[in-house]
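Assemble the dimeric complex from its two separately framed chains, guided by the hints.
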Amino acid sequence: MKQIRFAAPTSVEEAVRLLVDAGGAAHVLAGGTDLLVQMRSGLRRPDLIVDVKRIPELRAIAQEDGGWRIGAAVAGAEFNEHPDLPAVWPGVAEAFDLIGSTQIQGRASLGGNLCNASPAADSVPAMMAAGATCRIAGPGGAREANIEEICTGPGQTSLAQGEFLVSFHLPARAVGSGDAYLRFIPRTEMDIAVVGAGVNLTVDGDGQCTSARVALGAVAPTALLVQECAEALIGTKLDDRAMGALAAAASAACRPIDDKRGTVEFRTKVAGVLARRAAAIALERARSN
Amino acid sequence: MAKHHITTTINGEPTEFLCESQQTLLDVLRDELQLTGSKEGCASGDCGACSVMLNGRLVCSCLVLGIEAEGASVETIEGVADGDRLHPLQQKFLEEAALQCGICTPGFIVAAKALLERNSNPTETEVRYWLAGNLCRCTGYDKIVRAVLDTAAEMRGA
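Protein sequences, first through last, are from chains A and B. Residue 260 in numbering that gives the first Met the number 0 sits at position 261 of the first sequence, and the numbers go up by one each step. Residue 52 in numbering that gives the first Met the number 0 sits at position 53 of the second sequence, and the numbers go up by one each step.
In isolation and in its complexed conformation, chain B is listed as follows (with noise of 0.2 Å):
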């Protein structure tokens, strides 16, 4: 059976692709577009390390069809930063040491991002709910949560 043509926009570019049905979105970016930002830790939806922005709304790409990005608008972390000037986010990020390995710090932008974008101004406690579904195994979360802490508070102007 021929594969299914699909046409989207990812990160703001109108974007074509081939896939399978049960070819998920992840695997979609990294294998056929590689866009290999978006990682890949459980592929069932529980780390958030895949995590992505599908109209507007922050999912994990692990629990989404390519075939559902059919006339839709996809922003992964490739698109976060403009050019090479980094968001306030992975400037604060690398300031803070808010990583380690790596894997998990994609889904943590976008996430964050996502939360930032809805709430310029949150408390630890929703910083700390809204980042549940992301999952970091070197950190212990402070670091990662401070750190988007303090860019809401230099995006507000603080």
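Chain A on its own, in the form it takes in the complex (with noise of 0.2 Å):
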């Protein structure tokens, strides 16, 4: 068996040097709960593991901007015990409270969850909603994204050789603002979405959407922030006309797969009834804050 190298890097220009040097036979190590997976059953077959858990940056929460910067290595275990962000991104902490048991969110990272790039990840729905932009170093140094722009299929991201995704940030969150994220799964628990479905919207004082964002899980390659259905939702009070408006333009938007889990028909069904759902969630929570 070919012996793998490991390293363990203290900072990020360490981190980078090791990926650059390596040429893309590197992986990066956070939690693990997907690498070492896809490595026992042969699907990734590095040369050298870089864990980058021991690099301060990467493990940090702090207040930033008016919002968050956090760490890609923290878990999701990490992100809702936090004692201010589950109330700030209540949408953004269903999510990571929706992925895996109790012993996976304990490992597995915000960070992995979105370079892994499943198209059913649940965090990333969420957080594209949240408008999160994440921070990715690389050998020309450190470069900012959004959320929609990392992955680019099953599995493969846009992040270049030698890069890697060092933090997110949320952003500050608006006085009149809301988010809720939703999923479906034929059982309540331990299983990977059919269909999931985040928003985050915000009403003034007259109860008029002034902004959302919408985004789906598990109905095409890639999850999709859906400019279609925000549309549907600015502007209006978020009657019933609008709401169903948001429900067409969530099915409409669906290019997914038939699977074991759902039919083409069903998910595309389900997009909608579920983005109406989690709409409605996020609205009683904009009213309330």
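It is possible that some hints are incorrect.
Residues from chain B that keep clear of chain A, each with C-beta distances beyond 10 Å, as calculated [unchecked claim]:
(1) Gly-11
(2) Gly-40
(3) Tyr-128
In silico contact screen, one side only, chain A against chain B (beta carbon under 7 Å); selected entries [unchecked claim]:
(4) Thr-32
(5) Leu-35
(6) Ser-100
(7) Gln-102
(8) Arg-106
(9) Ile-184
(10) Met-189
(11) Asp-190
It is worth saying that the hints were derived from the structure and are not from the lab. A virtual CB, placed ideally from N, CA and C, is assigned to each residue, including glycine.
Put into structure tokens, the structure is as follows:
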């Protein structure tokens, strides 16, 4: 069996150098809940594993620009145990709370859930709806990107060789705004999304929607930020008619596959239903914020 | 290539071992350290039979590399009893027959202990959600859940 090298750098620069020197044969390790399974099944055979959990920036949670900077190797459970974050971003917290078991949630990282690039990753639509951005380090220095720019297809990302995810930024929570994430699975727990829907919206004093972001998971090769869904809500009072238009726009955006978890027809229908229900929860939260 | 020399703490004891990069913590516990209480069920993080505590957090040791234990604190099923004195969870699992074949039991005990340490009075729903990552193919879960709830009550002095 091939000998795999292992490194646990303590700085972003050192990690970039290791990744660049390995020339594409390296893989980043954070929580390992995807990577170790993929290595065992032979899907990934890295020459070098770069454990990024000893880099302080990857593990930190701190306020920044009125919002929050969160390290890419922070585990979902750590996000949800934070004294402030779940109250400010309940939809994002709902998504992390749906990923795997207690054992998985304690290890699986925010960055890993994005970079594993599963179309069904629960946190990705929630983070897209939240308007989160991410910071990527690489040989050319650091760059910022929107969440929706990262995944390009199942298991594929836009990260260049030598680049890796350092942190996320969740923006300041606007007054009168709220978010929610819902997913459909055929059982109560421990399953992969058949459809996921994340909604983040803002209402003014008259109850009119002034901004909205709606993202869908598991209905296309990547999670989708659906502009038509946002347009169905913005400028309305989020009445039945607007919510109906949201559902229709969500269904229209779907490009799903048929598989054992759900048919094309089912996923398309459920995407509209979930988007509407998530919007109703987000609205309720917006009104009390 | 030489193996990695890892210095860690297992069940409170300073421990050293040698491992290869791809060896999991579960492989190391069972094959290098002869701590065979942690079981391999699925090797993909689905069944929880390999549950251990890593730096105070419940994890599947099949999804942790042995090398990641460097400088860490690991607690396994072998550290749950106090010498010959069983932990109340172990005692209750025996009294209430919350096991049949026993393969999943170490994982359930480690996971349930982690729950009771953060929540001394969990509801049945909380127990079931917390233990959703531990699979048992024999008991149908009812006796396990009841044993955990009864242990919690006993430990609260109820």
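- Taking the shortest Cβ-to-Cβ distance between B/Gly-11 and chain A, state whether it exceeds 10 Å. The assertion about B/Gly-11 holds, with a minimum of 21 Å to chain A.
- Message: Interface hint check: A/Ser-100, Cβ to nearest Cβ on chain B, cutoff 7 Å. Holds or violated?
- Response: With a minimum Cβ separation of about 2 Å from chain B (threshold 7 Å), the hint on A/Ser-100 holds.
- Message: Min Cβ distance, A/Leu-35 to chain B: is it shorter than 7 Å?
- Response: holds (5 Å)
- Query: Given A/Arg-106 was flagged as interface, is its beta-carbon under 7 Å from a beta-carbon of chain B?
  - Reply: holds (5 Å)
- Message: Does A/Asp-190 hold up as a contact with chain B if the rule is Cβ-Cβ below 7 Å?
- Response: Violated, about 10 Å.
- Is the hint on A/Ile-184 kept, meaning its closest Cβ partner in chain B is under 7 Å away? violated (12 Å)
- Task: Would you check whether A/Gln-102 satisfies its interface hint, that is, whether its CB is within less than 7 Å of any CB in chain B?
- Result: With Cβ-Cβ at 5 Å, under 7 Å, it holds.
- Query: Is the shortest C-beta separation between A/Thr-32 and chain B less than 7 Å?
  - Reply: holds (5 Å)
- Is it correct that the beta-carbon of B/Tyr-128 has no partner in chain A closer than or equal to 10 Å? violated (7 Å)
- Task: Grab the minimum C-beta distance from A/Met-189 to chain B and call the hint holds if it beats 7 Å, violated otherwise.
- Result: holds (5 Å)
- Least C-beta distance from B/Gly-40 to chain A larger than 10 Å: Its Cβ never comes within 10 Å of chain A, the nearest being 12 Å, so this holds.
Violated hints, in rising order: 3, 9, 11; the structure is consistent with all others.
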